[in-house]
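> Listed here are the chains, written in short residue letters.
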Amino acid sequence: MADQHIKLPEGSIEKTTTTLNLGPTHPATHGVMQNIVELDGERIVSTEQTIGYIHRAFEKIAERRPLYQITPLTDRLNYCSSPINNMGWHITCEKLLGVQTPKRVDYLRVVIMELARISDHLICTSIMGVDAGAFTGFLYVMSYRELIYEIYEEICGSRLTTNIGRIGGFERNFNDIAFAKIDKFLAEYPKALKELESLLNRNRIFMDRTQGVGPISADRAMNYGFTGPNLRAAGVDYDVRVHSPYSSYEDFDFTIPVGTTGDSYDRYMVRIEEMWQSMSIIRQALDKLKQFTGAEAEVYHADVPEYYLPKKKDVYTKMEALIYHFKIIMGEVEMPAGEVYNSVEGGNGELGFYFVSDGGRTPYRLHFRRPCFIYYQAYEEMTKGSMLSDAIITMSSLNLIAGEMDA
Amino acid sequence: MSLSNETIKQKLTEKFGESVTGFSETYGMLGFEAPREMNLKVLNFLFDDEELRFRFLTDLCGVHYPDKKDREIAVVYHLHNLVDNIRLRFTVYTPVAKPDIFTATGVFSSANWMERETYDFYGVNFVGHPNLIRILNVDEMDYFPMRKEFPLEDQTRIDKDDEMFGRGGSAGFGTEKTTHGTVTEDEKDNVGEELK
Numbered sequence: 001m002a003d004q005h006i007k008l009p010e011g012s013i014e015k016t017t018t019t020l021n022l023g024p025t026h027p028a029t030h031g032v033m034q035n036i037v038e039l040d041g042e043r044i045v046s047t048e049q050t051i052g053y054i055h056r057a058f059e060k061i062a063e064r065r066p067l068y069q070i071t072p073l074t075d076r077l078n079y080c081s082s083p084i085n086n087m088g089w090h091i092t093c094e095k096l097l098g099v100q101t102p103k104r105v106d107y108l109r110v111v112i113m114e115l116a117r118i119s120d121h122l123i124c125t126s127i128m129g130v131d132a133g134a135f136t137g138f139l140y141v142m143s144y145r146e147l148i149y150e151i152y153e154e155i156c157g158s159r160l161t162t163n164i165g166r167i168g169g170f171e172r173n174f175n176d177i178a179f180a181k182i183d184k185f186l187a188e189y190p191k192a193l194k195e196l197e198s199l200l201n202r203n204r205i206f207m208d209r210t211q212g213v214g215p216i217s218a219d220r221a222m223n224y225g226f227t228g229p230n231l232r233a234a235g236v237d238y239d240v241r242v243h244s245p246y247s248s249y250e251d252f253d254f255t256i257p258v259g260t261t262g263d264s265y266d267r268y269m270v271r272i273e274e275m276w277q278s279m280s281i282i283r284q285a286l287d288k289l290k291q292f293t294g295a296e297a298e299v300y301h302a303d304v305p306e307y308y309l310p311k312k313k314d315v316y317t318k319m320e321a322l323i324y325h326f327k328i329i330m331g332e333v334e335m336p337a338g339e340v341y342n343s344v345e346g347g348n349g350e351l352g353f354y355f356v357s358d359g360g361r362t363p364y365r366l367h368f369r370r371p372c373f374i375y376y377q378a379y380e381e382m383t384k385g386s387m388l389s390d391a392i393i394t395m396s397s398l399n400l401i402a403g404e405m406d407a
Numbered sequence: 408m409s410l411s412n413e414t415i416k417q418k419l420t421e422k423f424g425e426s427v428t429g430f431s432e433t434y435g436m437l438g439f440e441a442p443r444e445m446n447l448k449v450l451n452f453l454f455d456d457e458e459l460r461f462r463f464l465t466d467l468c469g470v471h472y473p474d475k476k477d478r479e480i481a482v483v484y485h486l487h488n489l490v491d492n493i494r495l496r497f498t499v500y501t502p503v504a505k506p507d508i509f510t511a512t513g514v515f516s517s518a519n520w521m522e523r524e525t526y527d528f529y530g531v532n533f534v535g536h537p538n539l540i541r542i543l544n545v546d547e548m549d550y551f552p553m554r555k556e557f558p559l560e561d562q563t564r565i566d567k568d569d570e571m572f573g574r575g576g577s578a579g580f581g582t583e584k585t586t587h588g589t590v591t592e593d594e595k596d597n598v599g600e601e602l603k
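Residue numbers (the numbering used here), protein chains in the order written: chain A, 1 to 407; chain B, 408 to 603.
For the record, the hints were derived by calculation from the structure and aren't laboratory data.
All C-beta atoms, glycine included, are put in the ideal place defined by N, C-alpha and C.
The reader is advised that the hints may include incorrect statements.
[Claimed, not checked] The calculated label-pair distances, taken between Cβ atoms and stated as ranges, are:
1) TYR79(A) to VAL534(B): 47 to 53 Å
2) PRO473(B) to TYR79(A): 33 to 39 Å
3) LYS311(A) to GLU421(B): 43 to 49 Å
4) GLY11(A) to ARG478(B): 34 to 40 Å
5) THR18(A) to THR428(B): 53 to 59 Å
6) ILE61(A) to GLY535(B): 31 to 37 Å
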């Protein structure tokens with residue numbers, strides 16, 4: 001027998017469970033995080049999460065930065081959908097400063113946010129396929145993430161960490177190539193998404209691997225602070241876009257998909273359906289954008305010179321523009337003292353910004369409510385007693401983004 | 408939307424009387440504060456009351472106000488009533504010398520990591536927390552970095568000799584001392600000795 005050959009040190013207590021280290025760098029963790037799993041055979045007895053490997057102290061850094069310099073920090077929270085973070089931050093600042101954005105800006109923002117949501121969800125859903133052993137679907141949709149990144153590129157010049165928009169609007173209008181690429185995306189992506197769905201939705205293996213795996217009840221999910229697709233998969237129809245509309249989401253007609261059991265399959269299905277809804281929202285937004293005529297059709301920012309950076313040409317030729325440019329760059333904008341909490345529906349749930357201002361040039365305190373950070377703590381409860389391989393797929397169905405978790 | 412900020416305020420003063428203070432309404436959100444030993448009572452009341460039903464903890468974080476005597480550290484709860492869709496902000500102040508408040512983990516499971524984060528950055532001691540250890544910072548850290556006594560580096564300072572990062576200091580730019588590849592006065596005579 002094997003135990004005859006194993007010599008344990010004197011006085012040691014024989015352990016009956018196995019400790020397995022998943023992470024910090026492991027293909028199954030999809031990010032820099034560690035999971036110390038205690039296994040009895042192949043069943044999980046307990047897990048212990050260690051996070052913070054890419055903690056970059058954004059909240060501390062933000063306390064010394066003028067508002068426009070905090071936008072690049074928000075990029076790096078959930079880097080699969082940076083534009084949503086950027087917009088969330090701009091909307092928070094606008095709420096504090098009392099800036100009203102024109103409708104056209106709101107609709108442009110909706111377009112870019114929904115594109116970001118699709119790019120976030122398509123990664124999560126296709127990666128679930130990869131973790132269940134179906135690699136191909138991932139390749140079908142991945143080329144459309146590339147197309148979304150090209151659209152970002154047309155609008156702001158960068159792809160992953162977008163730093164898109166300004167307080168009050170966008171830095172430039174969407175060009176014709178951007179609109180053409182959005183049209184191309186809307187025309188071609190449904191086919192690819194259908195293909196992904198036909199590969200996984202009714203796939204016996206995929207269903208067996210995900211149904212009843214990592215379930216959480218609506219009650220527990222709410223107690224654990226779940227938001228976004230993961231909460232909706234448990235059957236609670238809470239969506240920030242509907243409950244506290246921002247950026248004129250109240251003008252759009254869309255449904256909130258909900259699941260029933262809160263298992264991995266439901267999370268997958270909710271995300272798939274949300275992508276269809278997002279496409280419908282983008283179509284509606286494009287229709288609304290077409291209705292603007294004349295000078296209105298060229299509006300891409302609010303008329304707030306004290307917060308919105310002037311054109312470089314004007315800075316060199318006009319006195320007021322130069323003054324405003326200087327004031328904004330030096331962080332000398334007039335900021336009211338007060339506390340504001342604002343949230344947007346991020347790819348993973350309610351992305352909140354708690355902004356305490358003392359009237360100075362930088363936030364006195366800025367706290368990010370990162371959905372990932374809050375719902376990851378339920379992971380232990382969700383995986384207790386399940387198989388190790390189920391824990392892997394539960395993790396990918398939660399769509400944990402290390403950047404968002406660690407801030 | 409049957410529940411209004413006014414009703415919440417009324418119910419709170421009815422239940423807790425003079426203890427709940429500092430009512431404010433900023434950007435549509437009701438805010439109030441309570442003494443630190445009462446935080447759990449207030450949270451439980453807000454959770455259990457049939458009309459209030461604040462059963463979703465949106466956010467929990469700390470704020471440091473070094474100038475406020477004996478109420479330096481604030482712990483801020485953002486609660487959400489998902490049925491009536493109304494939010495509120497509840498603040499508890501605690502002195503920095505003894506930052507003890509009761510944990511909310513018994514009411515909200517989500518408070519677990521959020522309290523650990525608040526402990527990690529502000530040193531708030533959540534009494535009764537099941538596992539109050541650091542979460543984002545290294546375990547060996549012996550200070551609480553988000554407190555205001557740890558200011559970030561002033562980006563305009565020029566006294567720092569850090570040439571590798573382009574911060575040689577504008578006064579001495581171009582005259583930085585380097586040790587590699589240069590020959591000191593003593594060594595000058597020996598240069599090329601081996602070649603002779």
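> Which hint numbers doesn't this structure obey?
The structure conflicts with hints 1, 3 and 4, although it agrees with all the remaining ones.
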